[in-house]
Amino acid sequence: MNQSIKERVIKILKNFSKKEDVAFDDGTELKDLGLDSLDTVEMVMEVESEFSIQISDDAAAEFKTIGEIVNFITNAK
Amino acid sequence: MKDRVVITGLGIVSPLGVGVDHNWNRIKSKKSGISKLGDEYDKIPSQIAGLVPRGTNAGEFNIDDFMSKSEQRRNGKFISYAVAAAAEANKMAKLGDIEDRTRIGVCVASGIGGLPEICETCNAFEKQKEEFGSRKISPFFIPSVLTNLAPGYVAIKFECKGPNYGASSACASASNAIADAAMLIKSGHADIMIAGGAEASICPLGVAGFAALRALSTNYNNNPEVASRPFDNDHDGFVIAEGAGILVLESLESAISRNAIIYGELASYGMTCDASHITTPSGEQSARAMSFAIKEAGLNPSDIGYVNAHATSTPVGDKCEIDAIKSVFGEHVYSDKFAVSSTKSYTGHLLGAAGGVEAIYTLMALRNQTLPPTINVNNPIPEIANINFVPEFQSHTFDYAISNSFGFGGTNTSLLFKKYD
Numbered sequence: 001m002n003q004s005i006k007e008r009v010i011k012i013l014k015n016f017s018k019k020e021d022v023a024f025d026d027g028t029e030l031k032d033l034g035l036d037s038l039d040t041v042e043m044v045m046e047v048e049s050e051f052s053i054q055i056s057d058d059a060a061a062e063f064k065t066i067g068e069i070v071n072f073i074t075n076a077k
Numbered sequence: 001m002k003d004r005v006v007i008t009g010l011g012i013v014s015p016l017g018v019g020v021d022h023n024w025n026r027i028k029s030k031k032s033g034i035s036k037l038g039d040e041y042d043k044i045p046s047q048i049a050g051l052v053p054r055g056t057n058a059g060e061f062n063i064d065d066f067m068s069k070s071e072q073r074r075n076g077k078f079i080s081y082a083v084a085a086a087a088e089a090n091k092m093a094k095l096g097d098i099e100d101r102t103r104i105g106v107c108v109a110s111g112i113g114g115l116p117e118i119c120e121t122c123n124a125f126e127k128q129k130e131e132f133g134s135r136k137i138s139p140f141f142i143p144s145v146l147t148n149l150a151p152g153y154v155a156i157k158f159e160c161k162g163p164n165y166g167a168s169s170a171c172a173s174a175s176n177a178i179a180d181a182a183m184l185i186k187s188g189h190a191d192i193m194i195a196g197g198a199e200a201s202i203c204p205l206g207v208a209g210f211a212a213l214r215a216l217s218t219n220y221n222n223n224p225e226v227a228s229r230p231f232d233n234d235h236d237g238f239v240i241a242e243g244a245g246i247l248v249l250e251s252l253e254s255a256i257s258r259n260a261i262i263y264g265e266l267a268s269y270g271m272t273c274d275a276s277h278i279t280t281p282s283g284e285q286s287a288r289a290m291s292f293a294i295k296e297a298g299l300n301p302s303d304i305g306y307v308n309a310h311a312t313s314t315p316v317g318d319k320c321e322i323d324a325i326k327s328v329f330g331e332h333v334y335s336d337k338f339a340v341s342s343t344k345s346y347t348g349h350l351l352g353a354a355g356g357v358e359a360i361y362t363l364m365a366l367r368n369q370t371l372p373p374t375i376n377v378n379n380p381i382p383e384i385a386n387i388n389f390v391p392e393f394q395s396h397t398f399d400y401a402i403s404n405s406f407g408f409g410g411t412n413t414s415l416l417f418k419k420y421d
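Taken in sequence, the protein lines are chains A and B.
Residue numbers for the first sequence follow UniProt numbering, so the first one is 1 and each next one is one higher.
Residue numbers for the second sequence follow UniProt numbering, so the first one is 1 and each next one is one higher.
If you are wondering where the hints come from, they were derived from the structure by calculation, not from laboratory data.
One or more of the hints may lead you astray.
Stated by the list, open to error - Below, simulated DSS-like cross-link-like pairs (lysine-lysine); rule was C-alpha separation at most 25 Å, straight line:
id : chain 1 : residue 1 : chain 2 : residue 2
1  : A       : K31       : B       : K157
2  : A       : K18       : B       : K129
3  : B       : K30       : A       : K18
4  : B       : K69       : A       : K6
5  : A       : K18       : B       : K69
6  : B       : K157      : B       : K94
7  : A       : K11       : B       : K69
8  : A       : K77       : B       : K129
9  : B       : K161      : A       : K18
10 : B       : K136      : A       : K31
11 : A       : K19       : A       : K64
12 : A       : K19       : B       : K69
13 : A       : K77       : B       : K136
14 : A       : K64       : B       : K69
15 : A       : K14       : B       : K136
16 : A       : K11       : B       : K136
17 : B       : K30       : B       : K337
18 : A       : K31       : A       : K19
Bound conformation, chain A alone (with noise of 0.2 Å):
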């Protein structure tokens, strides 16, 4: 796992997050943060946009866990 690029997904992750008392890390579920729908979609803009890249809308629905997201931008890059 590419420690960079998890702290700077988790970075982000915790601008968005509405819960406190989380722990971040691999396995930490987005649902788990208390993000809605619209949270998400402006959570992966902000992901696409600090890493260059483009998620799917399909590709975005599949994300469970914050591991998910980091293996996805290191296979993108």
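Position chain B against the provided structure of chain A, taking the given hints into account.
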């Protein structure tokens, strides 16, 4: 008692600051809320505005007090002002203690909605649409600019499940929202309504648009504090401003049953339209709006002790309104029992929020039996000769007051408030 509607909460965000008491103290000290705009307005003829003061000191607007970072991202600036003003009114009226949330509704109106957010998104979209299409547009763009997301978001924040909308009528929006709210209470659709207006359209395009209409003051760019001068010979247009003014309206029955503090009564209202020109007022129908409200309340013109004028500091509008007032009140305007002032001399023109902020100043005047001055009047226009335009903060014994709001499209709304004892 459902026929009687009283006011049990007030909340303000204005160029004079955040909070009703803070605003009233600023009025007592006769200190203008108008300031100079930044460099991006240099090519626009009007470079001044009534901006909400921001910061963390008392009376300054700090959005973190009202919204989380995530909420700030998804709401336009006018919505944040609505929420902040509603928070004060909600707290004052102790609405949080009420169990049945279905009997509380929201009518908060905006004249324009999220204009700065439209501009920012449009500029960003133009730069990247060829490459990305809609992919870079925030999913919150539309909900952050829709006028009805002000009442919508206030309802979410304060759990109000009754009627929810804000009919838009330009610079009369807040006054129409307050009248609508009273009608909803009288017709039984709600017992309590959070009502008023919110506006935040100060951005280069917004100012340029009003400047193109030749509606704005342009002679006082280096002396902003004296720019808004209704009833003065050197008035040269209005000063654009932002903020929110929100009231809690409630049936007298409901207010008494829960021992709420009552700040005044909305006795009646009059609504008319010039049906003549989109921007130039005719006067005749603004007079009829006042007369209608007086008649509806079962009063005579001589019962009205104070008019908080719409008077925006435009030569045509100020004169037209004074002539309309004379036609309604006759010789009464010259008596010491009558006064008219324009608090826009302090705040500038809050457009769709003006009627809400001014309704609150009118209620504060009635409750304290004092009158807010018109500042910056050095040479009164001839039309106002021998009429008390309130040059100084003064005490005044009166039971009834009218707050006027007129808007583009020729719309006229007069709210008639009664002192509650």
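Checked hints:
1. K31/A x K157/B: 22 Å, holds
2. K18/A x K129/B: With Cα atoms ~31 Å apart, K18/A and K129/B exceed 25 Å; violated.
3. K30/B x K18/A: 43 Å, violated
4. K69/B x K6/A: 22 Å, holds
5. K18/A x K69/B: Between K18/A and K69/B the Cα gap is close to 9 Å, so the pair holds against 25 Å.
6. K157/B x K94/B: 14 Å, holds
7. K11/A x K69/B: 14 Å, holds
8. K77/A x K129/B: Given pair K77/A, K129/B holds - Cα atoms ~24 Å apart, limit 25 Å.
9. K161/B x K18/A: 24 Å, holds
10. K136/B x K31/A: 23 Å, holds
11. K19/A x K64/A: Judged against 25 Å, a Cα distance of about 17 Å means the pair holds.
12. K19/A x K69/B: 12 Å, holds
13. K77/A x K136/B: 20 Å, holds
14. K64/A x K69/B: 23 Å, holds
15. K14/A x K136/B: 21 Å, holds
16. K11/A x K136/B: 20 Å, holds
17. K30/B x K337/B: 23 Å, holds
18. K31/A x K19/A: 10 Å, holds
Of the numbered hints stated above, those contradicted by the structure are hints 2, 3, listed in ascending order.
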